[in-house]
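Asks: Here's the letter readout for the chains.
There are 2 protein chains.
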Amino acid sequence: MPRNNDPNQQTGEDMARARARTSIDVRTVRDYLYGGRAEWNTHSKVAQAMIQDPVFDKSQIYFMTRSERYKRALAMTSRIFELQEQQKLSAHESAIAVMLLDESVPMNLHAIAFEPVFRLQGSKYLIERYGKLIANRGILGCYLQTELGHGTNVSQLETTATYIPETQEFVINSPTLTSRKWWIGALAKTATHGVVQAKLILPGNKDLGPHLFFVQLRSLEDHRLLSGILLGDIGPKAMGGFPATDNGYAIFDHVKIPRENMLSHFAQVTAEGKYIQPPHAKLSYSGMLYIRSNMITSGGWTMAKAATVAIRYATVRRQGNKSDGLERQTITYPSVHCRLFLVLSHAYVFIQLGRNLTKAFTVMSTQVASGDTTMLAEMHATTAGLKILVTTTGIQDVEVARRSMGGHGYSAFAGLGRIYAEYLPSASYEGDNYVLDGQVVRAALKSYKNLLSAKDPSASLLSPSSYYLRLLLGEPVKSLSLTDASWKDPAVALLLLEWRAALVVQDLVRNQNKPDASANQRVSKAVSEAFVAAQVVKMIRELDLPAKDRHVVVELYRLYLLSTVETSLVDLLSFGLIGASEETNDPTGSLRMEIAELCLTLLPNVIGLSDAFGLTDWELDSALGVYDGRVYESLWNRVHAEPLNRSEIPAGYEEYIRPMLQRGQRLASSKL
Amino acid sequence: MPRNNDPNQQTGEDMARARARTSIDVRTVRDYLYGGRAEWNTHSKVAQAMIQDPVFDKSQIYFMTRSERYKRALAMTSRIFELQEQQKLSAHESAIAVMLLDESVPMNLHAIAFEPVFRLQGSKYLIERYGKLIANRGILGCYLQTELGHGTNVSQLETTATYIPETQEFVINSPTLTSRKWWIGALAKTATHGVVQAKLILPGNKDLGPHLFFVQLRSLEDHRLLSGILLGDIGPKAMGGFPATDNGYAIFDHVKIPRENMLSHFAQVTAEGKYIQPPHAKLSYSGMLYIRSNMITSGGWTMAKAATVAIRYATVRRQGNKSDGLERQTITYPSVHCRLFLVLSHAYVFIQLGRNLTKAFTVMSTQVASGDTTMLAEMHATTAGLKILVTTTGIQDVEVARRSMGGHGYSAFAGLGRIYAEYLPSASYEGDNYVLDGQVVRAALKSYKNLLSAKDPSASLLSPSSYYLRLLLGEPVKSLSLTDASWKDPAVALLLLEWRAALVVQDLVRNQNKPDASANQRVSKAVSEAFVAAQVVKMIRELDLPAKDRHVVVELYRLYLLSTVETSLVDLLSFGLIGASEETNDPTGSLRMEIAELCLTLLPNVIGLSDAFGLTDWELDSALGVYDGRVYESLWNRVHAEPLNRSEIPAGYEEYIRPMLQRGQRLASSKL
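Residue numbers (full-length UniProt numbering), protein chains in the order written: chain A, 1 to 672; chain B, 1 to 672.
Please note that the accuracy of each hint is not assured.
With a straight-line Cα cutoff of 16 angstroms, these simulated EDC-like cross-link-like pairs (lysine to aspartate or glutamate) come out [stated by the list, open to error]:
#1 LYS514/A x GLU597/B
#2 LYS71/A x GLU597/B
#3 LYS514/A x ASP484/B
#4 LYS71/A x ASP372/B
Chain B is nowhere near these chain A residues, computed Cβ spacing over 12 angstroms in every case [to be verified]:
#5 GLY36
#6 LYS88
#7 VAL98
#8 GLN277
No wet-lab data here; the hints were simulated from the structure.
We put the CB at the ideal spot given by N, CA and C, even for glycine.
Take these sequences, add in the hints, and give me the full structure.
Replies: Right under this line is the structure:
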């Protein structure tokens, strides 16, 4: 086979060759990932419309200030609303368009943070009066919870809403510096109204804790701030993340709102100032559960982007040892591909998990609407655990992918730096992962105690998220007798992970007075991983694809299971769940070898498996992840946009460089 | 004790109280960290001069474009040179000033990348002709190695330097797109000259591989590009890193340079085009060893910054459970403080390791200068392993610290996002960590084979970096009988880590035909950690501090050792080095409890231990890491600089927001 000596030419050939080797039908797997052909078609239609529209051009984003990025976000949002009207996009299609934007736009917070809370918790009166305005964006809203001094711990919020029976008004006030609302998306510049979390104070200085109030912030005439309200932007985010979002602060100086503006679907204050208890306090959580469910899916797609970019670049990048005149494609190095295929497997798993969870959420919502809250606790435990897992894993995966690309991975044009910066806060928002760990652990301990204190303890008492606890009802565990062949069986991996979860929970109960510093993290991880492993085994069982495609996707799911077992080895070994086998002294060796072999088996199909995500070059926006593999051309074509390249002589030359050179030359010659 | 109800007031009190509880003498420990009082005084003098100088103000950096940051970098460099002259700063003091800049300035690459290579490898002729110009910055240089298509693998560089005997010239050429020099710091806009790595081609098309050539790039008259040379900036870096550095590309179109411009200290081309072999090929590495040694120290200080910021914020931030009317300081949560104290311990360890390595480098340089290269191999193995360890650990530590701070950690004003973005590429530059792992493994295997093939194998054959291999000369290992008390003894941790290193190397030799995908990483880590553990035990032994300070610093070093053992548990368990003790079923439990207790012991002193780094608010530039603890005021004071806050109505309102609101209001009323 003739080989090219020009590495740039070679890249396109390498990519074409890799595609030719693919044995799966990419379209079939793609439809599976999208939950059906129809959904893919919808996605694709929206994406194509946007790609052709210059408003959605991304080529200048790295050279824009935050103010410019903000304005661009407004322009894009505005264009989506135009498309919605002109092309009769459905609500679902519009949501896809916003998701495809790849930029957090302020007005989206109206739809995802403000409107759901308003609809779920607003009184009939409020919904009648403002519902249509909100639905048509005649007013723009934001959701004001976090304060400068407090975030996750809602009970400590300081903003007050004091009821004055005489005028039937609430007075919203920020009594201290730390009570200022902070981090609120779309608050600084965009929103005209907001739902404010504030401590309800009733006559007699009774503090009823945080409640929600509907407050107008800006005039609808000229967008000016209303009296008593001071708003501003809290400044740039780390690593340039979320540049287009006007995360804001708010200071309320005794702002009066009518009594009707309390969101009183679940709790009310009478005209005289009496408090009427909410019937189902927990119901107010379900909005958060919805957001967390969505985070599983979007986390999966974040991993998909990282995997696609890094696998494509590793396919065309050649480094090191030569074979037939060419250096090796970096993807052929096991230390490179094993890292990347894990990311690929995570993407497949979390995309499916997210879809299942969203379905479950829909079922739950219907039940809750009819007063049945039985699913709420399970959904809460499941989404909390998965939220931690998907964000922790995803953040790490994006960096694993970026780092696998070597030096060029640090170019902004590689695209993964930006994805990382934007995904990073997911570990803190919607519940800080370290705080959520505690909730997962509490749910696990509750299930454990319920099970063991039951009159007739049996597996039927257990929900899916605590099903692993059934193992504690049987014989005490002994070392599982594993052979090399055991690793081929997904059920073995699942059993190990379930045993591990059961034993760490048992261990925590036994040492409850003396937990070590990382106990919560270890237990939470074990519990969530056992749950996910059970789901993955179910995915394998139910996988409805033609045999040749099914086979490959199953390998990917097996990789997920085995790599999860590998990261659990400390627990498995310390509990004696695996021990020295007869075949080898080191019980971890055969597992690691099986993983290495599985990765080699997957190698010919990873381009196909990542193509199946259906991510366009516009979506990826990565010079190293281009579909045609011509990465060097792509990098080269992008550098011309850099403003520093507009002039041959840089600004600062006359002022600083020239005097320095002249002085140096003088000194050098005078010393001769 | 009266407590404050205003969380903002409380912060200052909490910090003062934490300082009052400190039992160590901060100045004594600080002098230890700086290697003596004199060095601290020098550092402090330089820092104070810079803090008072508005040129070094940092308040606007997050709002500047790259072009503005570039110009600011020139201004700062220029000011340092002025100070150098006016205040008679020594070379050492100037180096401190550049280090304190906290910004990679282009002209620094003249000093750290260009000048050392030129001096080490330039001929007597070149040094006579250009040495003074270079020393006085009458010309500004850069070092051109990496190309668009290749980085770490120098042998595959494509730029050519073809010798023409007729004119006694080399022709420097970029034959392909991928041969373009890329990523070269200071190349795009600043440097007037460069040292170019290019394949030396001698008559008869003989390719001698990469050699170095001195090439003028820009006119000294007007800074314009010389004929045949095209330079430009390669664009922004991921997460906004290194904004002020003009990392550039270069295209050479048959650029002619005289024969004398080859850097021929180690290899020469005669006038006729004959090649004269270098006597000591390895000597050209020593520059890289120097840079890597410095990376250990600077990595330690990066960890120091992260630890200081996060520990201070956790000291004043209160969240969750209430005790005596106040929420708990987050630093009192074991899951928070154990994470952060590890970072603190890493900082102490790597600062000392760096100092020792720099001393060793000085000794080696003297030896090499007199022709003795015996230390070279050991220095190479040691610096490679430590470079991997310090960068991998440091990158992780900065993010651990950032994430411990919750939501506000994602504000740019928290300061750690920027440190992360700038430290991230250290995993790839000066040798990609994954490639270096292979070199560490090769060195370990060589030592192993040398030892076992020796006529009389003995520990005396081993260098410090392979001393752990002595264990293989004795009895085969059995499970070490550990009690809870064992963990108090640093020698136990060291022995475990040395055994682990010895056994992973032995294991690799036995499975050499079938290594798993992560074998290199595992072996490299085990080998380096055994080396560092031995160094830390030595640090403990030689620690010359008053008893009360010594005691605390020893605890911190013990934390380093034990946490390293904890992260090695998979190996320790799978090799059977530790097993179930008589006291407990889970051998990992007592280790984890010892770590938790050690952290609690350290708790009263961590503010003191981080104050001992002597980092000023100007150096840290973090609203959450301010010395006085008044973090909320500090955050608040910073937001006013955000350009979005200049106007009440944002740009884009008339064009996008107003029409959308009006349309929505129309629609809502028409549907009523």
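Asks: What hint numbers does the structure not satisfy?
Replies: 2, 4
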